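Colleague: Residue numbers (the numbering used here), protein chains in the order written: chain A, 1 to 493; chain B, 1 to 493.
Since the hints were derived computationally from the structure, they do not count as laboratory data.
Just so it is clear, the structure is predicted and the values come from calculations on it, not from any experiment.
All C-beta atoms in this analysis are idealised placements derived from N, C-alpha and C, irrespective of residue type, glycine included.
Warning: the hint list may mix true and false statements.
[Said to hold, decoys possible] Estimated spans, in silico, between C-beta atoms of each pair:
{"no.": "1", "chain 1": "A", "residue 1": "GLU62", "chain 2": "B", "residue 2": "HIS67", "range": "42 to 48 Å"}
{"no.": "2", "chain 1": "B", "residue 1": "LYS436", "chain 2": "A", "residue 2": "LYS291", "range": "54 to 60 Å"}
{"no.": "3", "chain 1": "B", "residue 1": "LYS285", "chain 2": "A", "residue 2": "LYS79", "range": "38 to 44 Å"}
{"no.": "4", "chain 1": "A", "residue 1": "MET55", "chain 2": "B", "residue 2": "GLY140", "range": "29 to 35 Å"}
{"no.": "5", "chain 1": "A", "residue 1": "ASN332", "chain 2": "B", "residue 2": "GLN402", "range": "24 to 30 Å"}
{"no.": "6", "chain 1": "B", "residue 1": "LYS232", "chain 2": "A", "residue 2": "PRO169", "range": "24 to 30 Å"}
{"no.": "7", "chain 1": "A", "residue 1": "MET55", "chain 2": "B", "residue 2": "GLY373", "range": "19 to 25 Å"}
[To be verified] Some residues of chain B that are not near chain A, with every Cβ distance over 12 Å (derived):
{"no.": "8", "residue": "LYS212"}
{"no.": "9", "residue": "ASP214"}
{"no.": "10", "residue": "LYS267"}
{"no.": "11", "residue": "LEU421"}
{"no.": "12", "residue": "GLU485"}
2 protein chains.
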Amino acid sequence: TVDGVTLNGPLSDNRDGERFLEDAFQIIMNEAVKKGTDVTEKVCDWKEPGKLREMLDLELRETGENHERLLQRCHDVAKYSVKTSHPRFFNQLFAGLDHHSLAGRFLTEALNSSQYTYEVAPVFVLMEEVVLSTLRSLIGWDSGDGIFCPGGSISNLYAMNLARYRAFPEVKQRGLWAVPRLAVFTSKECHYSVGKSASVLGVGLQNVHPVKVDERGVMIPEDLDEQIENAKSQGSVPFLVSATSGTTILGAFDPLDKIADVCGKHKLWFHVDAAWGGSALLSKKHKHLLKGIDRADSVAWNPHKMLMAGLQSSAFLMKDSSGLLKQCHSANATYLFQQDKFYDMSYDTGDKSIQCGRKVDCLKLWLMWKATGTLGLEQRVDRAFAYTRYLVEEMKKRGGFQLVVEPQFVNLCFWYVPPSLRGEEGSEGYQEKLSKVAPTIKERMVKKGSMMVGYQPHQDKVNFFRLVVISPQITRADLDFFLDEIESLGRDL
Amino acid sequence: TVDGVTLNGPLSDNRDGERFLEDAFQIIMNEAVKKGTDVTEKVCDWKEPGKLREMLDLELRETGENHERLLQRCHDVAKYSVKTSHPRFFNQLFAGLDHHSLAGRFLTEALNSSQYTYEVAPVFVLMEEVVLSTLRSLIGWDSGDGIFCPGGSISNLYAMNLARYRAFPEVKQRGLWAVPRLAVFTSKECHYSVGKSASVLGVGLQNVHPVKVDERGVMIPEDLDEQIENAKSQGSVPFLVSATSGTTILGAFDPLDKIADVCGKHKLWFHVDAAWGGSALLSKKHKHLLKGIDRADSVAWNPHKMLMAGLQSSAFLMKDSSGLLKQCHSANATYLFQQDKFYDMSYDTGDKSIQCGRKVDCLKLWLMWKATGTLGLEQRVDRAFAYTRYLVEEMKKRGGFQLVVEPQFVNLCFWYVPPSLRGEEGSEGYQEKLSKVAPTIKERMVKKGSMMVGYQPHQDKVNFFRLVVISPQITRADLDFFLDEIESLGRDL
Ligand SMILES: Cc1ncc(COP(=O)(O)O)c(C=O)c1O
Ligand SMILES: Cc1ncc(COP(=O)(O)O)c(C=O)c1O
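Given these sequences and hints, build the entire structure.
Modeller: Below, the structure is given as structure tokens:
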């Protein structure tokens, strides 16, 4: 006994813990995995925040609870959570369930490693490199660098930091006061993380210059060139162009080859935010959408979106293989990255990150890929495009579905125009009335639990739905159901 | 059939996937959970990188592999990974296994939510708030704000960004060129993420002023005050002091009350990096180490370290409850944060983050807390202190163990002086010889697989071990084993 603590035995019993894990696993399988993918179950069991808080009894107390009570808690958490793997969940840019990936995620959690040194994560250091290099080869690079980040927003932030470092390495030491006002260029349709990154990096939102897009949401390279010239003439120093391959809302693909030309002309870092659209690179039929991506300096690509690797999975990929990533981020902490280790210390990749502890994000994607093969992943991508094609055709057959734009990708943006509004397009108050349709249909579907799909106002357009269907578990029946359900929920509006 | 894709049925069979999950779970239980915590198994099965790469056959191919092969792969990943839950893993600031937390992690993965809106993560939005508010109440705050971040480094980065925003909100829009050169103050012993954050934020490493520490590694508040005055007199504008509660290597606690006085005097944001030492707040006996933490503006606290919540779990906590966090980070994306939702949109907390998709990090901690109770967690913390006390006493009894400093916390920093070097302390080449001891012992233990403990050179001190014992599964036998094993591996050096 030391300081009143008995050290003769452990504080708790591993056997009890293992029994809990076994029982919890059954609940997870039944409530989250099986019911979560079962089309006859609800997508969500909607409760108001106040009500739900009360039902869940979330408060943390002095003493612990028993086995049965804790299992019930797991059950309740699953019951009241939204089933993002459900065949009728279309609300985000992720959906569906890949069981192999999920097994990889369980294994990742059980091993609880941190991805910084070979010493502590030997398998994952090697595995991350193989996965990154496979992704790079799909981009068309046979060498390069990269790292998994906690999400595409952080991958985009990395791009901005790397671009700045290549242009002005002194910023790392001396800060932005050592350099002139910098300028970033990206389209008006870019993901908001480009702006957030500019704020965090001290570059400032105002120095992110929005480039014009055409009616499909595609960046106009001539305007890019003009904006760059303008910024220069106003004394700013351009350093980064961030193109988007698969924009968040419209699913637009910027013309990478032309943008690469502009970047070449002005000697700017060329980043491609392919967080969403990168997966099209797996499809021989559709990869032309990203033609020119091999000319980029860096790419962000989220396998947790279309490929269903599970959150979080985002690769930041670079063409550079001279060590820029590590130079930009390294702090050379001696307690992790000792220089007198008995193995090749180039395997201690953690100093490439702005994180210290870093979750292992590669295993789930690796295991899924081993199970499905590159060709299997290609099938999934092609299937997502086919869903979209089918839905577009069906919408054109039915009355009341109006496309916002012909889809380039798998974002299907449309208004549902209820019978009462049809033929009233030009009339006064039409836009105002139309803008109320999507929120009302959404509220109804969520309260019913029949499906979930997102809507938003965007630029000058009032609320429209953005339908995204990617899960390979989905069948034509689910697509027909979607259209029927929108009609049935919105018919009386 | 659309574009050659048949949509009549799903692409793959859920039943097959579920069967794989069931089988993989057994492997995870046996190879990672049970063997991973079994003291008769190796901590690691060391292989050289080249050899391991070959053995694992990591390459990703066109076609998928069969059920048995994939299970074998799960087995191999577990086999060659380091067992961070093993009773002889002392290599990092995390260790051990909490089975309830692990169940929460499995459930998190199965539900695959993103923590941004109430609509898509109703349970987790409410749960995160309860967990954060419980942590805040331990700090001594009865209101405030906060968010889970992907690691303590990012939490520290948040602190710096928030401090800057409060002092100069215009930076968000206009960048750092709009303000004078800023200055950050932190001790020489701080975690390297403070420096990394300064680089990323464009503040620059040079503008992080290292404050002197005493011989235990504790910040000297008088020097802090002096440094601030100096920086001001050189035209810099101080905005942030980052104190450390539980430094990474020595486990030192900065004197928060005195630092708070200095911050008050100069009106600076007072951040406490309690990523490591925050958990001492759970102990009535030891929380005095953080006296004054309630006077901080923000705190970083990692439950994935001492509390064993599993990577990643890091809370960024703020005293402010006026909405500063959201104002600083928000981008108001309409596609996520629509303003015409049918529920109270203050529950859509995602715009407080610099991420977009954000992994759910609260469930595992919540479930563990429900299972263990606050008092159970306190026991764990007290136990970790008791391990350290016991080890210190034992080291003093044995010859050859020399403390670098009397531990304030549970970092036990020591040199092992092999018999050949004892009594040679002042002699020429002594430091050089001593510096080779830890790396050699480390190499031997890793190749044998008997245990893992970290070492580093630090400031003017040559390589010493940093022993950190926190897992509640550990018994006195493991502690004695540690000391015996160091002796047996190092005796002949
Ligand atoms: C084009 C694009 N880039 C980046 C992101 C951000 O990815 P994450 O949510 O992983 O941060 C998104 C998210 O939807 C996106 O659509
Ligand atoms: C004092 C301190 N702060 C911050 C961190 C960073 O935490 P993380 O590894 O979660 O980024 C550490 C990590 O060891 C630490 O010791």
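Colleague: Against each hint, give a clear statement of whether it holds in the structure.
Modeller: Hint check results:
no.	hint	result
1	A:GLU62 / B:HIS67: 42 to 48 Å	holds (47 Å)
2	B:LYS436 / A:LYS291: 54 to 60 Å	holds (56 Å)
3	B:LYS285 / A:LYS79: 38 to 44 Å	holds (40 Å)
4	A:MET55 / B:GLY140: 29 to 35 Å	holds (30 Å)
5	A:ASN332 / B:GLN402: 24 to 30 Å	holds (26 Å)
6	B:LYS232 / A:PRO169: 24 to 30 Å	holds (28 Å)
7	A:MET55 / B:GLY373: 19 to 25 Å	holds (21 Å)
8	LYS212	holds (19 Å)
9	ASP214	holds (20 Å)
10	LYS267	holds (21 Å)
11	LEU421	holds (18 Å)
12	GLU485	holds (17 Å)
When held up to the earlier numbered hints, the structure conflicts with none and fits them all.
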